[in-house]
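Undergrad: Each chain is listed here by its residues.
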Amino acid sequence: MIGGLFIYNHKGEVLISRVYRDDIGSQAADSAVFSSSGPFLGERLGGSVRNAVDAFRVNVIHARQQVRSPVTNIARTSFFHVKRSNIWLAAVTKQNVNAAMVFEFLYKMCDVMAAYFGKISEENIKNNFVLIYELLDEILDFGYPQNSETGALKTFITQQGIKSQHQTKEEQSQITSQVTGQIGWRREGIKYRRNELFLDVLESVNLLMSPQGQVLSAHVSGRVVMKSYLSGMPECKFGMNDKIVIEKQGKGTADETSKSGKQSIAIDDCTFHQCVRLSKFDSERSISFIPPDGEFELMRYRTTKDIILPFRVIPLVREVGRTKLEVKVVIKSNFKPSLLAQKIEVRIPTPLNTSGVQVICMKGKAKYKASENAIVWKIKRMAGMKESQISAEIELLPTNDKKKWARPPISMNFEVPFAPSGLKVRYLKVFEPKLNYSDHDVIKWVRYIGRSGIYETRC
Amino acid sequence: MTDSKYFTTTKKGEIFELKAELNSDKKEKKKEAVKKVIASMTVGKDVSALFPDVVNCMQTDNLELKKLVYLYLMNYAKSQPDMAIMAVNTFVKDCEDPNPLIRALAVRTMGCIRVDKITEYLCEPLRKCLKDEDPYVRKTAAVCVAKLHDINAQLVEDQGFLDTLKDLISDSNPMVVANAVAALSEIAESHPSSNLLDLNPQSINKLLTALNECTEWGQIFILDCLANYTPKDDREAQSICERVTPRLSHANSAVVLSAVKVLMKFMEMLSKDLDYYGTLLKKLAPPLVTLLSAEPELQYVALRNINLIVQKRPEILKHEMKVFFVKYNDPIYVKLEKLDIMIRLASQANIAQVLAELKEYATEVDVDFVRKAVRAIGRCAIKVEQSAERCVSTLLDLIQTKVNYVVQEAIVVIKDIFRKYPNKYESVIATLCENLDSLDEPEARAAMIWIVGEYAERIDNADELLESFLEGFHDESTQVQLQLLTGIVKLFLKKPTETQELVQQVLSLATQDSDNPDLRDRGYIYWRLLSTDPVAAKEVVLAEKPLISEETDLIEPTLLDELICYIGTLASVYHKPPMSGPPLTTSSVQMGAVDLLGGGLDSLIGGTNFVAPPTAAVPASLGAPIGSGLSDLFDLTSGVGTLSGSYVAPKAVWLPAMKAKGLEISGTFTRQVGSISMDLQLTNKALQVMTDFAIQFNRNSFGLAPAAPLQVHAPLSPNQTVEISLPLSTVGSVMKMEPLNNLQVAVKNNIDVFYFSTLYPLHILFVEDGKMDRQMFLATWKDIPNENEAQFQIRDCPLNAEAVSSKLQSSNIFTVAKRNVEGQDMLYQSLKLTNGIWVLAELRIQPGNPSCTVRAPAPTLRPWSLPFVPCQGVVLVEDAVQASLQAWLEPESVRSLKRTFLESFHIHPVRLPR
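So the protein lines, in turn, are chains A and B. Using the working numbering, read the first sequence as starting at 1 and increasing by one per residue. Using the working numbering, read the second sequence as starting at 1 and increasing by one per residue.
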C-alpha cells in the first residue's frame, strides 16, 4: 500500500509530508522518521524518509530531461506523481500496490483539497497545512484509502476545532454511520424550501481528420453533471435516449420504435458515480441512485457512431519555393442554422523559421503569434450552415536545417449549444416517499453544451 | 488568519520560545505553538527536543489540537521510545471515550506508533475496538491489526486478532468488511502458505455482497482479493464473473481494472464454446477503451495493462485500433505505449491505416518517439507479409528526408526485413549505400555492414565500402567490429580474388591488435577455417540463416500469465513480477542447529544413551554367528568391485518452467566414490537467451553445499538443454530442516533469481567407511532401547541374502555380520552419515518368501528428543534400503514397499521415551 505522501512546490521544497509505513525509508528504519537538515542532528538521525523525499526531488522534479513516466522507480522504491499547476503530489511505496488506485487516490486528494480551499497552490497549501494533515489522517489509513467523499468529510473535518462535548451522541453516530455507511456520500436531514435540480450534458467532441477530409478517428466523450438541491433522501431515476433502452421498450409498440429509433444513440461505454446502482444498470440498464447534495458527476460516456461534427476544416498548404508558404483554410459549420456556435478559434501552426505572415480573413480576427508558432483566428459567433475562410502568406527564413517541418495539425476550439453525440435527456424522476413533495414539485433544468476536445485536421 | 506564517519562523532560540508557548495557560497559544512545531517538522527541522512539552498538550478536548499532537507523536515516538510511554495513558483513556471519532482516532494513532513497549498496551484497547458497536471504530481497528502485525506478527497471532479479523468479513457494515479484507490480504502475503483468507464459496458470496455496497476503495480491496481465489469449477467461475461485470461501469478506473483482472483470470476456466465466454469478451472491450479518456497518468497505467491483455487475448481489442492512434498533445509516455499496442494490433485488415499513422509519427519532434515509429514500420513489415512492400517504400521515403536518426533507424529495420524476406527487396540496397557516411550509431553501422557483407555479390564496390570502415576499426564498438569481421569474410568467400588483402587485414586486426576475447576468438575461428578448409568455411559462413520470427518482443507466456494476475498493480506497469521468494541466507552458522546435531553425534559415539535391545532372542544368539559372518563378509567385499555404484534415481523436475520464467530444472543426486554430486539438467523454455548462472543452497540438515560454482559454459539459447554435474560438499552451514532431507536451492540467471526445494535421497550421505567394527556393533546394538526401534517389511524382494548384502554395500550400507536362524537369513547392517551419525539395522530374509523384514533402532532419538525424529530415523534406513533395492524391483513392488512401510508404521507406532 501507499507508504507515504509528499507535496512539493515547483522548487522541490516539501510542503506536506506524511509517512504511513517505515519501509519507504529502507535501511535506516530505526532512525527518526524526520531528520533535521542541520549538520549535527541530520547526521545523528540519518533521515531515512528524507532520502525518499530527496530522491524524488533530484530524480523527477529537478531532472534535466522531461519526465518520461508518471511512475518512477528509484532504488526499489516507486514514486507516483501528478502535477497540479506547479505543485507536485507524490505517493511513495515499496510494495506491489494497485497502481491505478494510487493515481485515482491522488486525483481524489486534489478534488478534496480543492473542495476545501479552492485552487491547489503553494499559498493555499501552506495556509491549510493543518487541515491537509487532518484530511490525510482520515482518508488514508496505513496507506489504505478510506472514505474520501467531501460531502461526508465536511461533516466532521471542519477546521472549527469541534469540541467533542458539544456534539450530541446522535450527531456523532450519524457522522460515523455516514462515513462508513452504504450512502456515504449523502447525509440525512437535508432540507430545501425549493426542490430544484440542474442537469448539464457536457460533451467534448474529438476528431482527427486527414487532409483529404477522411475521418481518421472521432469520438465524443460526454459527462452528465448534476446539481441537486433536494430534501431528504430522494430516489432518482435518470433516462436518456439510449438505443438499447429505447429498443427494449419499443418492442411493445412498433410505432415508437420508428419514431424514436432514429433519435436514439448507441453508447459505446459509460461509467457512473458511485451512487449509481451498477448491478441494476447491468441487469435492467436503468440508472437509479440517491444523489449527493450539490454538484457531482453522474456519469461519463463515450460514443463513436453518428457523431455530428459541428465544423469541417478544409486546409490547403502550398510551398512556394523554399522561403514561402501559402495557406488557405476554409471552415464550414454543420448544424441547424438557428443555433449559434461560440468562442471559435482556429489555430494554424507555422514553421519555426517564419519571418513574417500576411493574413486575410472573411470573419473574425486573425493574428500571427510568433511565440506560439501559429496563426490564431478567432470568431466570436457563427451560425449553422455557414462557411468562412482565411488565407495567409508565410515568409520563411532560409535555413540549412535538414529536417523537414513536421506540419502539426490544424486544431480548432468552439462551443455549441447541443450535444454532438445526439444524446437527449428523456427524464429525471425524483421520489421521496418520506417527505411530502412529489416529482412534479421539483424544478428541473437541462442544458446541453458541446465543446471541442482535440479537434484536429492534418494538413 | 492564515497558517502559512508558521513556515517562516527561522530565528534563533526558536525552540525555547516554542517551549514556553507550549506550556502556556492559554489554549489558543498552545494550539498556535503546536502548529508551529508541526510546520517545522514538515520542512525537516528537528523539533524532537520538544517531545515532553508537546505530549503534555495531548490531554485536551479540542479534537484539532489532539490530532496535531498525535501527528507529532507518530513522527517522533521512535526516537524517544521512553517518553512515548507517557502518552499511553491518554491513548488507553481515549479508546474508552464516548465519542466514536475519538475512539477510532486513538486506536488509529496507536497503531502508527512503532515502539515495542507501546504495542503491549495496544492489545487490550484494540480487542475492544474490534468489537466496538460503532462501525467507524471497527473499520479503523481492522486496519490497526495489519499495523500491529507489521510491528509484531507473533503478538497478533498469540492474541487471536487474526480470528477476530476473519470474523469481521461477515460484518454487517460493508466498509468494515472491505478493511478487514485489505488487512487480511496484507497479512496473508507474509504467510504465503497459511490459509488465512480461507476463501470458500460462502465467504466469496459475502464479499460479492459487500462489493455492491462499499466505497470505491473498498471495492478495489475486495476485487483484488477475489482475484486470488480459484473457483472450484467453471460454473462458479461464471457466476462470480456475472456478479463482477457491473463494476466495469464504475467511474473509478482502479475498480474497472481490478474487475478486469478478476474476469481475465476466471475466464481461463470457462470453456470457449460457452455463449457466456463470447459475451464476456465483448463486455471487456468498451471499458478498456474508456480508460483511455482518463487522466494521462491513469491512461499510462491502463495502456501498460492493455499491452498485456492484448498479448494474452488479442481478440478483445482487435477492432479498436483507432483509439490507440496517438494524439498530438498526448504526453510522451502515453504516445510510446500507444505505439506499442498499435503494432501488436496490426493485422492485414488495418495495416493501411496503421502505416499512414506511423508515417505521420515519423515526422514528429520527440526523437525517441520518432525512432520507435520508424522501428514500428519495420515490425509491421515483418508481422504482416502483405504490407512488407508498402513498409519498405515508406521506409525509403523516410530515408529521403535525410533526418539523421530516422535514416539510421530505418536501416536497422530494413536489415530485419531482408532477413525475413530474403531475395525480395534487395533492389533498395543502392539507396541505403548512399547514406553510408551519415551513420554514426553502432547499431545502424553494424546493420549496414551486415547488409553489405550479406549481399556483397550484388554490390560492385562492396570491398571499398567495407574497407572504408576498416580504417577506424579500433574506435568502433564491439558490435560493429564483429559485424565487420564477418562481413569481410563473407565478401572474401564470395569474391576471393580481389579481397585477399582485405581479409588478411581484418583477421590480423581482430586477432592480434584487439584485446576483446570474443572478437579474437571469432577471428581465429575464421582464420583457421579459411586456411584449412575453404569449402567448409563457405558452408559455415554462408549457411542459410533461419528466418527471424515476427514476435521477438512478446512477453513469454509463463511470465505473461503471471503478470495477468497482477493487472492494475505496479508489477503490470513495470511488466515484471514483484519480488518474491525467501532471501538467500549467507553462510553464517546457526548455532542452535549445530548443537542439535553435534549433541546427537557425541552421545551416539559415546554410546551412553543406549539401552538394551528389544528382542532377547537376537542379541542372545548374536555371539555365535558372528564368526561365520565375518568370513561371509570378506566374500562379499570381494564381489563389490563388480557393482557400479549406488542407486541413482531418475531425474525429476524440480523447478517447472512456469515458475521460473522459462527455465526448467530437473535433476537427481548421485554418490560415486566418495563424492556427492547433483546432476542437473537446465532447459531454456523461454524466448530469450539465458546467461550468468549461479547456484546457492540454503542451510540444511547435513550442511550440503556446492563445492564448485555452477559452470554453464555457453549462454543457454531458447529450447537448448544443458546437463551439468555439480559437485557437493558437506561442509556448509547446518540447520535442521523439516523434513530432514529437505534442500532449498536458489538459482540465478540473467533474468531473475528462482527458488525451489527438493528432497535428496539420504543414501548419498552414506560414507564409504560406514562399516562398524563388530564388537562395537554388538555393544551398541545391545544398548539401544527397544522403544527406539522401528520395524518394517519389504515385500516382493526376490533376493537372497548375498544379493541383498552386495546391493546394499554398493550404497555404502555394510553388512557387519550375518547368521542363519531357523532357516532365515539375518543380516546386520551398519551405515554412517557424513556428519558421523551411525545407523544400525537388522534384515531378516526368508528364502522362498519374497519379503524381507527390516528392524532398525532409531539411535538418533534421544538427543533430539522431538516427536518427529523417530520417524526420521526409520525413514533414513527405509529410504536407504529402498533406494538400493529399487534397481531390481518392479515399479509395482516399489509402491507396495512404500505402502507396507506406511502400514507397519501406523500399526506399530514408535513409542517415545517418557
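Worth flagging that the hints you see were computed from the coordinates, not collected in a lab. Be aware that a few hints might be false.
To be verified - Computed from the model, here is a short list of chain B residues facing chain A with C-beta under 8 Å: (1) PRO100; (2) LEU101; (3) THR215; (4) VAL301; (5) LEU570; (6) PRO709.
Claimed, not checked - Not close to chain B: a few residues of chain A, all C-beta gaps over 10 Å, as computed: (7) ARG68; (8) MET299; (9) ASP306; (10) VAL357.
Backbone N, C-alpha and C define an ideal beta-carbon position, used for all residues, glycine too.
Undergrad: Each hint needs a verdict: does it hold in this structure or not?
TA: Here is what the structure says about each hint:
For PRO100(B), the suggested interface contact is upheld, since its CB lies about 5 Å from the closest CB of chain A, less than 8 Å. For the restraint placing LEU101(B) at the interface with chain A, the shortest Cβ-Cβ distance is roughly 6 Å, inside the 8 Å limit, so the hint holds. Look at THR215(B): its Cβ gets to within about 5 Å of chain A, closer than 8 Å, so that hint holds up. For the restraint placing VAL301(B) at the interface with chain A, the shortest Cβ-Cβ distance is roughly 5 Å, inside the 8 Å limit, so the hint holds.
Here the hint on LEU570(B) is kept, as its CB sits about 5 Å from the closest CB of chain A, short of 8 Å. The restraint placing PRO709(B) at the interface with chain A is violated, with a minimum CB-CB distance near 27 Å, outside the 8 Å limit. Non-interface status of ARG68(A) relative to chain B is broken: a Cβ of that chain comes within 10 Å, the nearest being about 6 Å off. Not every CB of chain B lies more than 10 Å from the CB of MET299(A), the least distance being 8 Å, so the non-interface label is violated.
Separation of ASP306(A) from chain B is adequate, the least Cβ-Cβ distance of about 16 Å exceeding the 10 Å criterion. Its beta-carbon lying about 21 Å from the closest one in chain B, VAL357(A) satisfies the requirement of being farther than 10 Å from that chain.
In this structure, the hints that do not hold are numbers 6, 7, 8, in rising order.
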